[in-house]
Structures are given as structure tokens and as C-alpha cells.
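Engineer: These protein sequence lines are chains A and B, in that order. Sequential numbering from 122 applies to the first sequence in my numbering. Sequential numbering from 54 applies to the second sequence in my numbering.
You may find that some hints are simply not true.
[What the hints assert, rightly or not] Residues from chain A that keep clear of chain B, each with C-beta distances beyond 12 Å, as calculated:
#1 155
#2 215
#3 342
#4 402
#5 440
[Unchecked claim] Chain B regions said to be covered by chain A (calculated; three or more residues, Cβ under 8 Å):
#6 74-85
#7 92-98
The set of hints was computed from the structure by calculation and includes no laboratory data. What you are looking at is a predicted structure, and each value in this text was computed from that prediction instead of being measured. For every residue, glycine included, the Cβ atom is placed at its ideal position computed from N, Cα and C.
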Amino acid sequence: MFSKVLVANRGEIAVRVIRALRERGIRSVAIYSDVDRPSLAVRMADEAYPLGGNASSDTYLRIDKILEIARRCGAEAIHPGYGFLSENAAFSAACAEAGIVFIGPPASAIEKLGSKTAARRLAKAAGTPVLPGTEEAIADSDQALEIARAIGFPVLLKAAAGGGGKGMRAVHQASEFMAALRDASSEAERSFKCSEVFIEKLVLQPRHIEIQLFADQHGHCVHLGERECSIQRRHQKVIEECPSPLVAQYPEMRQAMGEAAVRAAQAAGYVNAGTAEFLVDADRNFYFLEMNTRLQVEHPVTELVTGLDLVHLQLDVAAGLPLPFKQEDVHLRGWAMECRVYAEDPESFLPQPGKLTRFDMPSGPGIRVDSGVYPGWTVPLEYDPLLAKLCTYGATREATVARLRRALSEAYVGGIQANLPLFRAILEDPRFAAGDLHTGFLDGFKLPAANVPAEVAAAAKAIPSAPVIAPPDGRASSAWKLENRRSLYR
Amino acid sequence: MKPVLLSPPKPEAIEVEPGVWSVLVDGASFELRVNGEQFDARGLAFVVETEETAQARQRASRGPAKIATTMPGKVIRLLVADGDTVTAGQGIVVVEAMKMQNEIKSPKDGVVKGLKAQPGSTVTAGQTLALIE
Numbered sequence: 122m123f124s125k126v127l128v129a130n131r132g133e134i135a136v137r138v139i140r141a142l143r144e145r146g147i148r149s150v151a152i153y154s155d156v157d158r159p160s161l162a163v164r165m166a167d168e169a170y171p172l173g174g175n176a177s178s179d180t181y182l183r184i185d186k187i188l189e190i191a192r193r194c195g196a197e198a199i200h201p202g203y204g205f206l207s208e209n210a211a212f213s214a215a216c217a218e219a220g221i222v223f224i225g226p227p228a229s230a231i232e233k234l235g236s237k238t239a240a241r242r243l244a245k246a247a248g249t250p251v252l253p254g255t256e257e258a259i260a261d262s263d264q265a266l267e268i269a270r271a272i273g274f275p276v277l278l279k280a281a282a283g284g285g286g287k288g289m290r291a292v293h294q295a296s297e298f299m300a301a302l303r304d305a306s307s308e309a310e311r312s313f314k315c316s317e318v319f320i321e322k323l324v325l326q327p328r329h330i331e332i333q334l335f336a337d338q339h340g341h342c343v344h345l346g347e348r349e350c351s352i353q354r355r356h357q358k359v360i361e362e363c364p365s366p367l368v369a370q371y372p373e374m375r376q377a378m379g380e381a382a383v384r385a386a387q388a389a390g391y392v393n394a395g396t397a398e399f400l401v402d403a404d405r406n407f408y409f410l411e412m413n414t415r416l417q418v419e420h421p422v423t424e425l426v427t428g429l430d431l432v433h434l435q436l437d438v439a440a441g442l443p444l445p446f447k448q449e450d451v452h453l454r455g456w457a458m459e460c461r462v463y464a465e466d467p468e469s470f471l472p473q474p475g476k477l478t479r480f481d482m483p484s485g486p487g488i489r490v491d492s493g494v495y496p497g498w499t500v501p502l503e504y505d506p507l508l509a510k511l512c513t514y515g516a517t518r519e520a521t522v523a524r525l526r527r528a529l530s531e532a533y534v535g536g537i538q539a540n541l542p543l544f545r546a547i548l549e550d551p552r553f554a555a556g557d558l559h560t561g562f563l564d565g566f567k568l569p570a571a572n573v574p575a576e577v578a579a580a581a582k583a584i585p586s587a588p589v590i591a592p593p594d595g596r597a598s599s600a601w602k603l604e605n606r607r608s609l610y611r
Numbered sequence: 054m055k056p057v058l059l060s061p062p063k064p065e066a067i068e069v070e071p072g073v074w075s076v077l078v079d080g081a082s083f084e085l086r087v088n089g090e091q092f093d094a095r096g097l098a099f100v101v102e103t104e105e106t107a108q109a110r111q112r113a114s115r116g117p118a119k120i121a122t123t124m125p126g127k128v129i130r131l132l133v134a135d136g137d138t139v140t141a142g143q144g145i146v147v148v149e150a151m152k153m154q155n156e157i158k159s160p161k162d163g164v165v166k167g168l169k170a171q172p173g174s175t176v177t178a179g180q181t182l183a184l185i186e
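Let's have the full structure, built from the sequences with the hints guiding it.
Structural biologist: Next comes the structure, spelled out in C-alpha cells:
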């Protein structure tokens, strides 16, 4: 096993990996941008070295700087976390060349699965079902329209190098096609410096269900069940759960999707943790979308339900050890949910960087919080505004939802806005309670407004520091003017 | 023998942590977090009004209020029509800026006047799109 590992990331995932390293008696090395000097990851790591600068392109994306630090501090391996360089084949290759173990798949597997079109071809060849669509990037726009007609509208245009919804356009009829194709290509060019776009059948109100995979260097590949991530905003996940309410009802889907995912991974020569993403339609047909060649943000829900520690397993596999279990040893037990607590407006989803004055997270039975912040920390505007992942675990979905509701009643973020009110509102939605989920769940979703309950107003009046309102007509008035004020449900 | 009091005779508030108050009212327990003009209780956020902010709000509610953009962008859709009666907080128009869609809301109850923007038209920062009278 390694004696020193560099964590090439920041925020909650850097903290998550540092914790695993400490549990294994491995020295942890953090790297940081200027604004991240006071970060929790730097505070918790055994060693920390500056990258210099703040922009991602000057810091967490700089392969040269990171490898130089790794060499000079004597790190034997690098954990890339998620985002940044985690799915960068050149980084995996550069690590191998420098004699440093990349804790993730080899460059060849990332390349095979990195482009969505390449991954599609590979999956199709391995017998994994894919959505009807093009395998080649679109060359000619008239030909593209013919293909779209053959697939049947609605169709989806997607950037080959895409992610996060950029370069993506839904086209509902032939007359909108050409304009949408131009928009998608130019957005793809701007975002990824690659204008390649492909066409896919658009599944209306699909569910997003993904399979967690693990492969070792000895040819073993297993799946660790599914996660449902259908609650999304701007094509990014907000709440994830394991198992999926749909798959729990039709357990034969788990085996079919799991085996399909394993076939695709083995065809790519995959090693370490990975996730196969599937779209599921109303008739429970599943279609392979893409492979994420890294640890996922939402891995804790799988850990809670399988009892495994995926970061420990990543270390074992990277060190050349065989997976310590077989497919038949993997059992899902209970139910887990994760809320991604972001520093953002709960309704407009706009990021809200700034200083945290309070950060109260729940505790007690069945709660797991993976946080990268603390009260007094300033959330920088340079990076993803994820503050923490709040997970709950229970015997059944109902128990887990009730526990999450309780957990959210204990949570409070002060100083900046966080999206906690959004979770509270989602949990009150009868569609969520029924497990009736799809990726458009949050489209047009409104936070309910509520009047201040009289008993709360009475309690507020008892606080001596409340500002006194001197009423214009000189009559005595309550200290707090609360009645009849509409407020956001939080 | 003196009777046992189940709760203090009047509401009792103690500051248990900076900005965090524990309040007992007839035995009912509340935890309130105060942060400037905003406070939170039982998962609800409220805004406290001082005399100054109340007066500013009244002044604003008398004259016409502007529906204006803060960033240059593009009108995506209109949520109301010219002449519609709207309530405070109701969405008027959706504008896209920096790849993000923003709903511009009415600051007061009133009637929409002078809404001429069309979906797809570009807007400059600070441009007035309508008045609420």
C-alpha cells in the first residue's frame, strides 16, 4: 500500500479522500489555490502545497504543477476526486509516465469512454442497449435532418465532448431542427473547443438511473447496484437515492442493467471505480448514456446501502490488490438519500458566494454529512458552490424520507443563501413521496410561500435584541412586525 | 406547598449561541436564528422590518416601480401581458444572461404598463422593460 497520496482536488471531495487516507494510515497531501489556503482540506491534510493563482486553469487543472508537487513531496499516488482532471486521459498518462499511480482507470480506458460517441459505439458492440441515434458526429446538416426524421421527433442534439447540459438542444419538430443544430454546435465549440454534435432519440420524462461499477487489475468487474438521480436542475443532480424506487419495484432491472454496465466496462479494459449512466423510459426500457470514469459525487448513498467504502476500494485496486468480494457477495440493505447542499438561491439556482457565518449540520441516527466548509469560511466564486452532501439512511424509503425531513429541520446555513428550502419543498411534493420521479421534476417548480405562524411571531417578540419599531402614529407597537408578511418556505 | 410551574409565566428568551435564541412560550419551545433583518424558525425564513425599511417600502409602493434588467441579455419569455394586474413577487419576464435564466419579479402589487419587449429581443443592463403602477 502507498505511504503518501496527493489529493488533486478541493472542497468536500478532498476532505472525503483525506479522511480515507487517514483511516488507512497513509500520509495525505493537499494542494491549494490562493483562496483555498484556509480551506478545510488544507487544515485536515498532513501536508499542503500551493498551486499559485486562483482560476481553475492556473491551479487544479495544471498537470505540470501537480506532478511537480507530487515528485517533490514524494507522493506515490494521486487521487483526482471528481471534476477537474479526474476524467482527463492525458493526466492519467502523465502520472504513469512520471511513475506515479493514478487512482482511477488507465488512460486507454478513459479515452475509449471519454467521448460520448466513442462510448456509445463501444457499448453497442458490447451488447449494452443505447438510444437510437448517430454514432458519428454530424457532418452535413441536411443529412442530419434526414437522420432525425428517421429516428423520429422529438430528438436531442448533444455535444460529443459535452457535460453539464452545454451544447444540448431538444428539438420537437423538423422546422426547429436547423436553428437548434447551429446553436448546439456553436455552444459546443465555445464550451469544449469541439463543435461535434450527435443526434439521439429524446425520451420524454425519463428517469436517470446509474450503475456503480468496480473493476480490479485482475479482470474482475462487479456492479454495486444502482442510484436514481432523476431530481435535477440545469441537468445537474440535486437529490440522489439508492436503491431506485423504480428498480426496487422491479428488481430484475438491477441485474439486467448491472450486467449491461459490466459488459461495457470490460470491453473498455476498465479498472477502478466507474459509473454507467442510463436513461429509463416509461416502459422501463433502459438505454446506456455514458460512463463516468471516476468516483461520483453521490457515491455515499451506495456506501450506506452496500456497507462498502469506495475510496478504500479505490486505494486497494490502484495498489494492485484484487477486489475482496464477488458479485454474489454484494447486497443492498435499507435506503439512502443524498441532498447536495449548494451555496445558491433555492429558486433561481444562481450561485451565492460569500462568507458563511453559521453552518449547522444535523447529527444523530442515520445521518452522514460530507462537508468541505466551516463557519467563517468564504465560499469562493471561482469554483463549484457545493458546500456539503447531507445523507440519511433508514430501513425503508419512508423512514429515510422522514429522517431527511428531520435532518433538514436541524440544518441551517447563515451568511449566504443555500438551497436547503428547495429540499424541504421537494420532500413535501406528493410526486416525490410516491417515488414518481423524472428528470423534468423541477421544471417550473415553485417554493411554497407561507405566512408566519402566530405562535412563531409570539416567540420572536420575546427576543430582547429585536429592533423596536416606533410606529408613525405614536401608538405602542410590537417589537417585531411579522404578521401578514409572506415569506419563503425554508 | 407551592404549585409546580410547568413553564415560565411569560415568554422567556435566552441567547444560547451568538445569534441563536431559545424561546419558551407557555411551554412551547422555539429555536430562532437571527441574522441582521432576517430570522429563521422551524424551517421558515422571515424578514424583520424596522421603521426605516417599513417607510422605504411604503414609499416604493406609492410611486410606479420599474421592471429593469441588471445584466445585458436576451428576453426569453413574457409571463404577463401589458395591462395585467399583478401581485408583489409575481414573475413578469424571463431574461437570459451569462447562460442563466432569470425571472424578473414585480416588487409591488399593481398594473403592468409599457411592456413592449418581445421574446428573443436583446436588452442592455439597467434597461426598463415595464412599469408597475
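Engineer: Each hint: holds or not?
Structural biologist: Consistency of the hints with the structure:
| no. | hint | verdict |
| --- | --- | --- |
| 1 | 155 | holds, 24 Å |
| 2 | 215 | holds, 31 Å |
| 3 | 342 | holds, 38 Å |
| 4 | 402 | holds, 27 Å |
| 5 | 440 | holds, 42 Å |
| 6 | 74-85 | holds (count 6) |
| 7 | 92-98 | holds (count 7) |
Comparing the model with each earlier hint shows no violations; every hint is respected.
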